[in-house]
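**Q** Residue strings, one per chain:
Protein chains: 2
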Amino acid sequence: MTDRWAHAAALDAIDPLASLATEFDLPDGMIYLDGNSLGPVPTRVRERLTHVVNSEWGHGLIRSWTDAGWFSLPMTVGDRIAPLIGAGPGEVAVGDSTSVNLFKGLAAALHLNAGRRVLLADAGNFPTDAYMAQGLAELVPDVRLRYLEPGQPAATALDGDVAVLLLSHVDYRTARVQDMARTTADAHERGALVLWDLSHTTGAVPCDLMAADADIAVGCTYKYLNGGPGAPAFSWVHPRHALRVRQPLSGWMGHASPFAFTREYEPAAGARRLVAGTPHVLSLAALDEALTLWSTVDLEALWAKSRAMTTLFIEAVEASCTSYGLTLISPRDATQRGSHVSFDLPEGGFEVVQALIARGVIGDFRAPATMRFGFAPLYLSFTQVMHAVGHLHDILATRAWDQPRFRTRGLVT
Amino acid sequence: MTDRWAHAAALDAIDPLASLATEFDLPDGMIYLDGNSLGPVPTRVRERLTHVVNSEWGHGLIRSWTDAGWFSLPMTVGDRIAPLIGAGPGEVAVGDSTSVNLFKGLAAALHLNAGRRVLLADAGNFPTDAYMAQGLAELVPDVRLRYLEPGQPAATALDGDVAVLLLSHVDYRTARVQDMARTTADAHERGALVLWDLSHTTGAVPCDLMAADADIAVGCTYKYLNGGPGAPAFSWVHPRHALRVRQPLSGWMGHASPFAFTREYEPAAGARRLVAGTPHVLSLAALDEALTLWSTVDLEALWAKSRAMTTLFIEAVEASCTSYGLTLISPRDATQRGSHVSFDLPEGGFEVVQALIARGVIGDFRAPATMRFGFAPLYLSFTQVMHAVGHLHDILATRAWDQPRFRTRGLVT
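Which chain is which? The protein sequence lines are C and U, in order. For the first sequence, position 352 (counting from the first letter as 1) is numbered 352 according to our numbering, and the numbering increases by one without interruption. For the second sequence, position 316 (counting from the first letter as 1) is numbered 1316 according to our numbering, and the numbering increases by one without interruption.
Worth double-checking, as some hints may not be accurate.
Rough simulated footprint, nothing fancy, chain C against chain U, three-plus residues with beta-carbon under 8 angstroms [as the list claims (entries may be wrong)]:
hint	stretch
1	1027-1036
2	1135-1142
3	1278-1285
4	1325-1331
5	1376-1386
For the record, the hints were derived by calculation from the structure and aren't laboratory data. Where is the CB? At the ideal position from N, CA and C, for every residue including glycine.
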């Protein structure tokens, strides 16, 4: 264990991202391992919001739609996300929630792949992915939803009816990473498109949509991108689709001439047509500011740090804690793993997470048995990882978790 | 004219809402007649946003979904809007944009009125209403969209195929108010539901959804409610529909048990099922705070002030300016008029609005010829109305508008 602490300190000493931690406000003493659920406040967001409220909204008022660039925010914010996912400028539209963007993306795929009417969704996706697919299938009489069961290879389910395969690039429970290029190629070979949910990818895991020849992608911005609670999500379509794709949430802000007030909807050129209604400026501005941090980030270093942190965590936990019943459910191969690590602990998993939270080590729990710990590379240190493992070991070894106060289950666990 | 100034001063002296102007930040000397497009900053919103960022997001982090009530915001904010539109507690859901909520509402109507497959939309609606109806009709093969042409009585178009009639309660150009109860009764008699767009109603014009026996309504919160640029919109369904209505944007935040992570979507009880994805907390919190002002507002006084201000404006303009080619296109009867007034001015209308803006009198222009002036009762005085007319008269009488600098057309006019 001493060796591992020394190793962690050595990794911190050479961490090229270490200085970025000062860009975030985190409570003193907290070890925040839940940035995969909600990223912390980038300090610069405060000043930006003050400016937006006092100057842009307060003084500029209606004129700020043009003068402060509010109208353009869905695309300018998208341009900040594009480099993180292997997309180009003008290709990413930001707005609405991931759920709503999933609906747009699925409907867009049905439009692009005319004649095919089956949505094939991985049953392991985050639940809202399935719920949105269900909503679409209930609305459109001839559209059907089928599931890819856990462990079932996509190829076995891709028959001639499947219009689109809905997959998470990084699994929200296990952090397993799909091979985007290979899966996309398999789907294309069988005439299906793929809609990738990048919610647990963006800002933590390598992703190259263009290299993978992907079709459509959506993703969340309040996790590793630190855009704030419920920050607007993003949508992307490959440029080969962008000029002919239609999506049904065809609001005025995706119109070619929103202020011409014509009766007929005419989609804007390219990804702007993925925008629906009026952008939520306050939330979008906070996200925009949070994203400015990324222009200085060496993405190779980011991904390497993610892998090194999750590897350190797994090794340290397995060296000290497995006798207490923990089972790793995340991939052991770092190249197949996202930026979080999950251990199942059927007896006491929920309580252990609460006991950790009481000590300032914030992870989360996913029923029935999964303890989930996220390692966001921008603000965590390797030494913090070791401290987290130390607390975990102590809680398990002393059964400190076995107290009534750790058993109350709230809404979000 | 002197009499009218004295009258305005007298109205100000007895205005029960006059003190509320101090709750808003408006630039010194500005007369803001565009609150029907974007309301100004309620001063209290600043402190709330600081609290949300520093304390709730910054310190509470993920725990704030429960501890700070973020999860409940769509419904708690809805409860603040409900009294303004004649709805009850738990009936209004807030989130997404008006455009997206129009889609939900139209699809919900198709679900409720099974068998009928025509959407009948007033051609005079704000364009996004038509665009969303077009998106839905293109997505669902057997759904068709028809228009009610300007001046055509709805009854003449309500045949046995019409599932839902899509109407604006207050016309965004002319401010003409529809008779909600009568139109709803006519539609019901012919087997159609009505979806009301309340964007230009809420916070300015009397509206009693329950008394009108309305079915579905959506509306905007960044106009008279001052929720901030692109503030989340609201949706309402009558309680008689709320337990059986389905809407296709069935995201996890509208699920009966969002954290049970079941595969099947099960709608939450009542209006919560109108919520789709994760709420945009920063934008929602600003709106929530802006709405706290309304608990002290006497709504009868608000509506009376709206009518008195628009009446004063019309009378003063017609007394001094009509020789310059202005034509009133808003109803002369105050009970049929919303809280804005529109004059057409084919020669120079655009430039006159720019010249007014240059003097700090902010109205807007809608092509081809409409000058539009909004009179939000919470922060405007009758004396300001007179000052605005004075500037308008001066600009017209001296042709001060006839300058190249007033001819540049931006995106938002």
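**Q** State whether the coverage of the stretch 1325-1331 of chain U by chain C holds or is violated, taking the criterion as 3 or more residues with Cβ-Cβ distances under 8 angstroms.
**A** Result for this restraint: violated, n = 0.
**Q** Count residues of the stretch 1135-1142 of chain U with a Cβ under 8 angstroms from any Cβ of chain C, then say if the count reaches three.
**A** holds (count 7)
**Q** Just to make sure I understand the rule, a stretch counts as covered if three or more of its residues have a C-beta closer than 8 angstroms to a C-beta of the chain. Does the stretch 1376-1386 of chain U meet that for chain C?
**A** Coverage by chain C is violated for the stretch 1376-1386 of chain U (0 residues, Cβ < 8 angstroms).
**Q** Can you tell me if the stretch 1027-1036 of chain U counts as covered by chain C, using C-beta to C-beta distances under 8 angstroms and a minimum of three residues?
**A** holds (count 3)
**Q** Per the coverage rule (Cβ-Cβ under 8 angstroms, at least three residues), is the stretch 1278-1285 of chain U covered by chain C?
**A** Contact hint for the stretch 1278-1285 of chain U vs chain C: holds, 7 residues under 8 angstroms.
Hint check: violations occur at hints 4 and 5; the rest are consistent with the structure.
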